[in-house]
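Since the structure of chain A is already known, use the hints to place chain B on it.
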Amino acid sequence: MRVIHWGMIEYASAWHQQKELVREVAAGAPSAIVLCEHPSVITFGRKASDANIFLPKDVLEQRGVVCVSVDRGGDVTLHAPGQLIVYPIINLKLFGRDIKACLQKMEQASVAFLRDFGIVAKGQEGHGASAYRGVWVGSRKIASIGIGISRWVTYHGIGLNITTDLGLFDYIRPCGLDVRMTSLQDLTGQTLPMREAAERFAGHCVRIFDGQDHSSRIG
Amino acid sequence: MVRIILPELGDGIVDAEIVRWHCREGQSVKFDEDVVELVTDKAVFNVPADFSGRIMKIYYNEGQRVPVGSVLADLDENFSGAPEGAERGV
Chain A
1 MRVIHWGMIE
11 YASAWHQQKE
21 LVREVAAGAP
31 SAIVLCEHPS
41 VITFGRKASD
51 ANIFLPKDVL
61 EQRGVVCVSV
71 DRGGDVTLHA
81 PGQLIVYPII
91 NLKLFGRDIK
101 ACLQKMEQAS
111 VAFLRDFGIV
121 AKGQEGHGAS
131 AYRGVWVGSR
141 KIASIGIGIS
151 RWVTYHGIGL
161 NITTDLGLFD
171 YIRPCGLDVR
181 MTSLQDLTGQ
191 TLPMREAAER
201 FAGHCVRIFD
211 GQDHSSRIG
Chain B
220 MVRIILPELG
230 DGIVDAEIVR
240 WHCREGQSVK
250 FDEDVVELVT
260 DKAVFNVPAD
270 FSGRIMKIYY
280 NEGQRVPVGS
290 VLADLDENFS
300 GAPEGAERGV
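Chains as they are written, first to last, in the numbering used here: chain A, 1 to 219; chain B, 220 to 309.
Since the hints were derived computationally from the structure, they do not count as laboratory data.
Ideal Cβ placement from N, Cα and C applies to all residues, glycine included.
Heads up, a few of these hints could be off.
Label pairs and their in silico Cβ distance ranges [claimed, not checked]: (1) Gly245/B x Arg195/A: 46 to 56 Å; (2) Lys57/A x Tyr278/B: 49 to 59 Å; (3) Glu244/B x Thr188/A: 54 to 64 Å; (4) Glu281/B x Ser13/A: 25 to 35 Å; (5) Phe54/A x Glu296/B: 43 to 53 Å; (6) Arg284/B x Val179/A: 25 to 35 Å.
Keeping only pairs whose Cα atoms sit at most 25 Å apart, straight-line, the calculated SDA-like set for lysine to any residue is [as the list claims (entries may be wrong)]: (7) Lys19/A x Asp253/B; (8) Lys100/A x Trp240/B; (9) Lys19/A x Gly231/B; (10) Lys122/A x Asn297/B; (11) Lys19/A x Asp251/B; (12) Lys57/A x Ala12/A; (13) Lys276/B x Val238/B; (14) Lys100/A x Ser271/B; (15) Lys100/A x Pro286/B; (16) Lys122/A x Asp98/A; (17) Lys105/A x Gly231/B; (18) Lys122/A x Asp251/B; (19) Lys100/A x Gly288/B; (20) Lys100/A x Asp269/B; (21) Lys93/A x Arg273/B; (22) Lys249/B x Phe95/A.
The following block holds chain A by itself, in its conformation from the complex (with noise of 0.2 Å):
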């Protein structure tokens, strides 16, 4: 499993050279963690619906925030400086095809990274519906989770709040849900550097994934 590190890269160049690995992946490279952060953008997913963006896109677009349709699963969600990003690009052919138990292993890593700082979260299995996907700290959401698939490559991930502005995802209803978001910050005071929670939670996800260590490389 290799970790790539990319650091502050904008939306439309992530996805890009995501579409890049997962060709790699598929044609027999290892499969990959990348951990990024994103300027502010808006993301509809393939089931995203209008209706939950509470202000025109032009008018977002005028307060520095970008909307993309994308091809994941999912409804509406935002990114934003202070939120960890990541990217598995993880062969699903060695996983036996589950997409299930994939995002289950993406939550799991969530979990556990914010078991480190005192947190207990959970993944959507204890909220039953699979609406609620995601990693949730009592009724706060603090990850939400959407995936596409090529060639049983996965693509798309995870966005874990750690200083975002939370004041942002009153643009929105994050994943079609009336839900309050929060954020490590949020929790615990804490500022954690962006590159420290990056590597923290790349541990967990390839220990997770295939119980490997691994080595990173900045891209």
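Relative to the frame of chain A, chain B by itself:
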């Protein structure tokens, strides 16, 4: 003739919705090429062809829900008449 089937997707996932076909009946596809995009609650996924060949029959339309295990399309793996870079769908 081989069948392109919606495979098991994991415990508890019983069906998926067709988003779009990447090909049409009569078109050729290559091994491991995505032929159809589907969506479940939190995942968009593509089913690739297990063989190169020609799509002979498509069984579901875009927007329809498909039970796991259903035949999505028939593919003639013995067809080799398509020129390189044959016309592709959306």
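So, going through the hints one by one against the coordinates:
Checking the proposed 46 to 56 Å range against Gly245/B and Arg195/A shows it holds: the Cβ atoms sit about 52 Å from each other. Distance hint check for Lys57/A and Tyr278/B: the Cβ-Cβ separation is about 37 Å, which falls outside the suggested range of 49 to 59 Å. Between Glu244/B and Thr188/A the C-beta distance comes to about 57 Å, which sits within the given range of 54 to 64 Å. In this structure the supplied range 25 to 35 Å holds for Glu281/B paired with Ser13/A, their Cβ-Cβ distance being about 30 Å.
Distance hint check: the CB atoms of Phe54/A and Glu296/B are about 51 Å apart, consistent with the given range 43 to 53 Å. The hinted range of 25 to 35 Å is satisfied by Arg284/B and Val179/A, whose Cβ atoms lie roughly 26 Å apart. Straight-line distance between C-alpha atoms of Lys19/A and Asp253/B comes to about 13 Å, which keeps the hinted pair within the 25 Å bound. Distance restraint check for Lys100/A and Trp240/B: the Cα-Cα separation of roughly 23 Å lies within the 25 Å cut-off, and the hinted pair is therefore satisfied.
The straight-line distance between the Cα atoms of Lys19/A and Gly231/B is roughly 28 Å, outside the 25 Å bound, and the hint therefore fails. Restraint check for Lys122/A and Asn297/B: the C-alpha separation of about 50 Å exceeds 25 Å, so the hint is violated. The straight-line distance between the Cα atoms of Lys19/A and Asp251/B is roughly 15 Å, inside the 25 Å bound, and the hint therefore holds. Distance restraint check for Lys57/A and Ala12/A: the Cα-Cα separation of roughly 17 Å lies within the 25 Å cut-off, and the hinted pair is therefore satisfied.
Restraint check for Lys276/B and Val238/B: the C-alpha separation of about 17 Å stays at or below 25 Å, so the hint holds. Simply put, Lys100/A and Ser271/B have alpha-carbon atoms about 28 Å apart, too far for the 25 Å limit, and the pair is violated. For the hint pairing Lys100/A with Pro286/B, the CA-to-CA distance comes to about 16 Å; that is within 25 Å, so the pair holds. With a C-alpha separation of about 20 Å, the suggested pair Lys122/A and Asp98/A falls inside the 25 Å cut-off, and the hint holds.
Between Lys105/A and Gly231/B the CA atoms are separated by roughly 16 Å; this keeps the pair inside 25 Å, and the hint holds. For the hint pairing Lys122/A with Asp251/B, the CA-to-CA distance comes to about 36 Å; that exceeds 25 Å, so the pair is violated. A distance of roughly 16 Å separates the Cα atoms of Lys100/A and Gly288/B; the hinted pair therefore holds under the 25 Å criterion. Under the criterion of a C-alpha separation no larger than 25 Å, the hint pairing Lys100/A with Asp269/B is consistent with the structure, at around 22 Å.
For the hint pairing Lys93/A with Arg273/B, the CA-to-CA distance comes to about 24 Å; that is within 25 Å, so the pair holds. Under the criterion of a C-alpha separation no larger than 25 Å, the hint pairing Lys249/B with Phe95/A is consistent with the structure, at around 24 Å.
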